[in-house]
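First to last, the protein sequences are chains A and B.
For the first sequence, the numbering used here puts the final residue at 1916, and the numbers step up evenly by one.
For the second sequence, the numbering used here puts the final residue at 1343, and the numbers step up evenly by one.
Think of the hints as simulated: they come from the structure by calculation, not from any bench.
Treat each hint with caution, since some may be false.
To be verified - Simulated coverage check for chain B against chain A, where a stretch passes if three residues somewhere in it have a Cβ under 8 Å from a Cβ of chain A:
id, stretch
1, 1293 to 1305
2, 1325 to 1334
To be verified - Derived SDA-like pairs: lysine to any residue, alpha-carbon spacing no greater than 25 Å straight-line:
id, chain 1, residue 1, chain 2, residue 2
3, B, LYS1336, A, ILE1846
4, A, LYS1154, B, ALA1260
5, A, LYS1152, B, GLY1255
6, A, LYS1230, A, GLN1294
7, A, LYS1152, B, PRO1261
For clarity, every value in this text was computed on a predicted model and none was experimentally measured.
Every residue gets a Cβ at the ideal spot worked out from N, C-alpha and C, and that includes glycine.
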Amino acid sequence: MAMRYIGKPLKRKEDPRLIQGLGHYVDDLQLAGMHYTGFVRSPHAHARIRSIDTSKARTAAGVVLVLTGADLQGAIGPVPCAAQLPDMKLALRPVLAHDRVRFVGEPVALVVATERYAARDATDLVEVDYEPLTPVVNPEKALEKGCTVLHEQYSDNIAYRWELEGGDLAKAFKAADKVIRQRLVNQRLIPVAMEPRGVVADYKPGEKQLTVWSSTQIPHLLRTQLAVMLGVPESSVHVITPEVGGGFGSKLNVYPEEALVGYLAMRLGQPVKWIESRRENFLCTIHGRDQIDDVEVAVKRDGTVLGLRCKVIADLGAYYQLLTPLIPTLTGLMICGCYKIPAVRMEITGVFTNKMATDAYRGAGRPEATYIIERMMDLVAAELKKDPAEVRRKNFPQPKDFPYATPTGVTYDSANYQKSLELALRNSNYKRLRQEQAKLRRQGRYIGIGLSTYVEICAMGPSSAMPAGGWESATVRVEPTGKVNILTGSSPHGQGQETSFAQIGADVLGLEPDDINVVHGDTARVPYGIGTFGSRATAVGGTAVYKSLVKLRDKLAQIAGHLMGEAPQKLVFRQKRIISKATKKSIAFGEAVGAAYVAKTLPPGLEPGLDATTFFEPSNFTFPFGVHVCVVEVDADTGDVKLQKYVAVDDCGNVLNPLLVDGQVHGGIVQAVGQALLEEAVYDEHGQLITGELMDYAIPRAADIPWLETSRTVTPSPVNPLGLKGVGEAGTIGATPALLNAVVDALAPFGVRHLDMPVKRERVWQLMRKGRRAK
Amino acid sequence: MAVEIQVRVNGKTHDSRVEPRLLLVHYLRDVLGLTGTHIGCETSLCGACTVLLDGKAVKSCTVLAVQADGSEVTTIEGLAAQAPGNGAKGGLHPVQEGFWEKHGLQCGYCTPGMILTSVQLLEDNPDPSEAEIRRALAGNLCRCTGYQHIIEAVRYAAKKMSKGKR
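Can you build the whole structure from these sequences, using the hints too?
Structural data, given as structure tokens:
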């Protein structure tokens, strides 16, 4: 295969429609007779519903239907959770609460009206009488004896306990010269995709077909779950995912509103639309992170890490969403980072609190793992008075150690951590930075240099390790005119696979990317697929595409060989022709395609048509890695932290399109800046989300970010034929600890060894003041 | 109680009867069917709904349709026609072209607002520095790109537009 397009920075095929306002997101859809629904949501974190009076809402202008949780008893199944852990308590969430609410924003009633504004107005007319109960907000207090219990069928708020142990931990701690301990808080975050969620549903009673348009990352899984929730055959449900305005995991879920809007369309025989407000998006779309990690590391005086023990309290919120309980376990799998740590123990306690559920937010459990291990490596370096780079180097496995099995039970596919570290140190001019830092300190200026060497688990994943299938599908059809449709089970929503998959197609079949159309996000057109999350679309989805393309290329070679009187294996596909390497004879690509459909000159026994499907099952995850270095300056008077320089070296295996990879890395780093320096979902003691708007929850703006200097090393993955690893989450995984390590490094002269995220000016100012006093 | 308004949108005059509380963004999207303008927050914070109102970038989620009475609105759908030399025959505005060339978008949701804010920036300041671009885009949030390719897109457009003037 000649690589004419793979690896090239091709402009995106998606863009012409998006830059001209011609794309269609869910809210852009208008259907004749469209009705609008709005939800009445609990203002209490924890309360019993005494009664609901819908009479005023029912008679309001334009209102056609008002429903409460009681009206829907038994009509719609609970919100699904795909995760299964041993001894996990069930916490089934009804689509509308009927007797008790457990977080602010939980829907208790809905209104349907003929106009958008009328629906919104009428939700204010529904009167709910609540009996407030004690809210459980703090996950540590939730574990205390005598604490109010969220789910009354249980005696406590523990959702599950999960343990993982590998190696001889007792021996490791006994042999240690030092044990370094730290409590780390990984705060709750709000994903904030720029497009809030939205659903439109339309039901055709004659055909018994329910069509649901939803802003989701998982159209097929949603269809299956909707069929179960609504009690209709899966063959009667059609899910379409139009343009999706960002997901970051927040749309890797099945939400009550999706089932409710589908139900309403069936019940009313009218199309129904619901568009989430930003306020609702903050309250009722999944949150991310939210762990308290107590960590102990056993080390030798030379910096060798012997063992690690970590106790995690994971705040799961009030109910499970699709993957809620599973996310913290990913922290467990990746807790060793890119180090040879012979013994580890992880103990996770999942806790129910009166908050929105946490679930997969960009990185999903791995940013937490990387934060833990990378903060600890810096603490080790500080304690032993060694350079952070030296301590890391000391504990890396060697390139010859790969595939490398960790004591947590995963096997890293391929890596060269040394190479990426040296490149990052060189690109950042690390030595000079350290000299500069020393000089500035003497002048009373405080810069900090932060380092993070990360490894992540991606390309999710082998089905044996996934809750509901880890394969991906792709169908490739060469149409009679020679144009190609790639139907992928992945569901891109900004990642650019309409372009990168067309690049694969062009190279395999010797065509141009414009000859290839990528179709996704439509359960009636695309064979069953899993979706886009866990940095899997390119490595797993792209491999399925590649394999289907190869099947068709091989079939076309048979047809062409028969027509040309040449051996099929001697044929190459180039510039829209099929060429014999031996004789240089060639025919047009279209001629072989035509023969496949006209079917008069096919080799004996060969089926007509050009359609190939692959369900690709990966043999392992992939493990992308990299090194991030950044520089911050802390204002000695105000505590303000300015990010000054950012250098990233990432290794995501082979690259299909470097432009797209850079885009993923930039976006991830900036989301990490959000976690490190700006963002925090704060619930007050009453369980009110007081950072419930973009006014109070600061996601990074253009002016918060310096120029990002990115580069790559390339270590192909042996797990798939294209050597791809995945890059969607690298930024949020690698960057967060680098940023925090930089801030702590800046504050080292003030005796600071740790502070929690997000780094707040006030806290920095206090720590500097305390440090000055102590001097 | 509906109010009569006349608004010129992308060069075409519309006479409409609207509720006084109807937001300009809903007027553009739901009444005129121009769905290229997106809604990301309804509170003027994200900038996805940015349009040009009498040549100035405004957030159309916090402008009432009645306030646009007698005004001229440009949305993303009408931007290309306004680019020098493009006329009604289409093509792309240099800022749109920059976003395509430099991969200045991923999910595309913030993009129309980003593009229109950038158009206003380049009208005020034809040769902005990186810092000036970052400041000018402070009212437009993007969660995908990390902004860097957007900065490059604006620079691309600035270069292209200054060449066009010479």
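Here is how each hint holds up against the structure:
Residue count for the stretch 1293 to 1305 of chain B with a Cβ under 8 Å from a Cβ of chain A: 0. That is fewer than the three needed, and the coverage hint is violated. With 4 residues having a beta carbon nearer than 8 Å to a beta carbon of chain A, the stretch 1325 to 1334 of chain B meets the requirement of three or more and the stated coverage holds. With a C-alpha separation of about 23 Å, the suggested pair B/LYS1336 and A/ILE1846 falls inside the 25 Å cut-off, and the hint holds. A C-alpha spacing of about 22 Å is found between A/LYS1154 and B/ALA1260, which places the hinted pair at or below 25 Å, so the restraint holds.
As the CA atoms of A/LYS1152 and B/GLY1255 are separated by approximately 23 Å, the hinted pair is consistent with the 25 Å bound. Distance check on the hinted pair: A/LYS1230 and A/GLN1294 sit about 10 Å apart at the alpha-carbon level, within 25 Å; holds. Distance hint between A/LYS1152 and B/PRO1261 is fulfilled; the C-alpha atoms sit about 24 Å from each other, no more than 25 Å.
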